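Participant: Produce the entire structure from the sequences given, and follow the hints as far as they go.
Protein chains: 4
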Amino acid sequence: MRAVPEAPMLQGLFSGFAAQLGLSLREYQQSQTVIAITVAPHHLNQAGNLHGGVIASIADTAMGMSGTWHSDPAQWRLALTLSLNINYMASTPPDTEVRAVARTRGGGAKIFMASCDLLDADDRLLASAEGVFKRGRLRNDRR
Amino acid sequence: MRAVPEAPMLQGLFSGFAAQLGLSLREYQQSQTVIAITVAPHHLNQAGNLHGGVIASIADTAMGMSGTWHSDPAQWRLALTLSLNINYMASTPPDTEVRAVARTRGGGAKIFMASCDLLDADDRLLASAEGVFKRGRLRNDRR
Amino acid sequence: MRAVPEAPMLQGLFSGFAAQLGLSLREYQQSQTVIAITVAPHHLNQAGNLHGGVIASIADTAMGMSGTWHSDPAQWRLALTLSLNINYMASTPPDTEVRAVARTRGGGAKIFMASCDLLDADDRLLASAEGVFKRGRLRNDRR
Amino acid sequence: MRAVPEAPMLQGLFSGFAAQLGLSLREYQQSQTVIAITVAPHHLNQAGNLHGGVIASIADTAMGMSGTWHSDPAQWRLALTLSLNINYMASTPPDTEVRAVARTRGGGAKIFMASCDLLDADDRLLASAEGVFKRGRLRNDRR
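Chains as they are written, first to last, in our numbering: chain R, 1 to 143; chain E, 1 to 143; chain F, 1 to 143; chain C, 1 to 143.
Hints listed in this document are in silico derivations from the structure and should not be mistaken for laboratory results. Warning: the hint list may mix true and false statements.
Partner residues aside, some chain E positions facing chain C, computed with beta carbon under 8 Å [claimed, not checked]:
#, residue
1, Gly22
2, Asn87
3, Met89
4, Gly106
5, Met113
6, Glu130
7, Val132
These numbers were taken from a predicted model, which means no experiment stands behind them. Every residue, glycine too, gets a C-beta built ideally from N, C-alpha and C.
Facilitator: So this is what it looks like as structure tokens:
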């Protein structure tokens, strides 16, 4: 079963770059965050496959969200990426549905580490990522 | 002085994702590759700054191009990213002009390593990146 | 149950730096490679905890071995590291028994990607690592 | 010209693992930190070249020191590594003198980012590294 928070809470979770990419939140829980994307023409590199930068963007977003999750959505925070590492295992053709499955692995009150697997619909591993992030201001604190 | 190859050779260098991002090639030489982007609303994260995934995308593109440069444009190849690492030093607000300055650092016939600095117009370091890439097929080999 | 190859096959697996570190092979199978070390005074940093370089060394060794495993020990190969990334979650005090649990995640005939978790005796995550490696010559090919 | 602090200030800079490795401080300034090592039998991997873990250890140490330098040695701090990435360009045979040249690239009061080139006596690039670190307690605060 997949748990997605109520719609109003999710409004604005993906704006700007994440919205243009077409990210879709599939799961947002303490244990893991899952973000999906279907590979479209505007995601491709010159070889006709998914651009590595899109993989990096989904992984960055999913890991950042995973470490700023809270049981109370009013306590959701923004994440600042300090370091991001991605290893690419396989080329990803158009129309693939890619899922980024991110988990928080450790850290303290301000800094956290997360990892992320990028999978296709057959659970083939396309890429793996890990990163170090900083918890920033509350999402609701509009300045 | 900045050297940019003749326009016909550059056609199609940025398609798909790179075109949508709005990447602009400023320099493409053996010594270094420079790609620029001006931070627009569709590049932003939830904090209102440049999304880390955009930084990763520019760095990935610039480093991949740097290691597949050739004095004869007919010999330009596509690059496959094996590993990408980015460290983020500073938040980048809207309207910033970001330059990715990439250089090939080593490797052999098939595999190469590159590094990249991401700078603003005042040469402030926004992020640094390094990656491992594989030289793929010739760009002109349309399959 | 832990499977360790017969003693004669293991002779010389850890020489030079790995031998000086005091690495101990706990498991060497297709599914995973486990290397252990007990933190001694010569492993410490200035803060009195396990030096990050030791963590990197164990992770590098375990991941390299994981991707060059073969059911026939005569086919074991050496691994060349192309890229190594480590995230550090927790300080590790003296006398801790550290286990590096490495798995191959993907790749092709020559290049492979692996990941590794560094755990203490209570399965607390001390660090995570991922890397890109190249399969080299057979271990038995003494030049 | 190379500036090395007075001998009494350097006492204890390399203890434990760094001392066993045989690290030698060549330069310690605001602009850069240089640490050298001559490749000995106890630094080798199974292929008879410098173990990747030694490269990681020198880079980690040099980058950590670079970001905790202070004009007043009483203000030198210990560094905690959060993330470390190394790309390996070339095999390093025995007897090579390896220099790690580290520079701080950015960050704030607590967190800093550094990069490091690993070079041989002919300035051939053996490896490059970058990392994220946290400034810890003063070196002189013996607990």
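Participant: Hints first: check each against the structure and report whether it holds.
Facilitator: Evaluation of the provided hints:
no.	hint	verdict
1	Gly22	violated, 25 Å
2	Asn87	holds, 5 Å
3	Met89	holds, 3 Å
4	Gly106	holds, 3 Å
5	Met113	holds, 5 Å
6	Glu130	holds, 5 Å
7	Val132	holds, 6 Å
Against the hints set out earlier in the document, a violation occurs for number 1 only.
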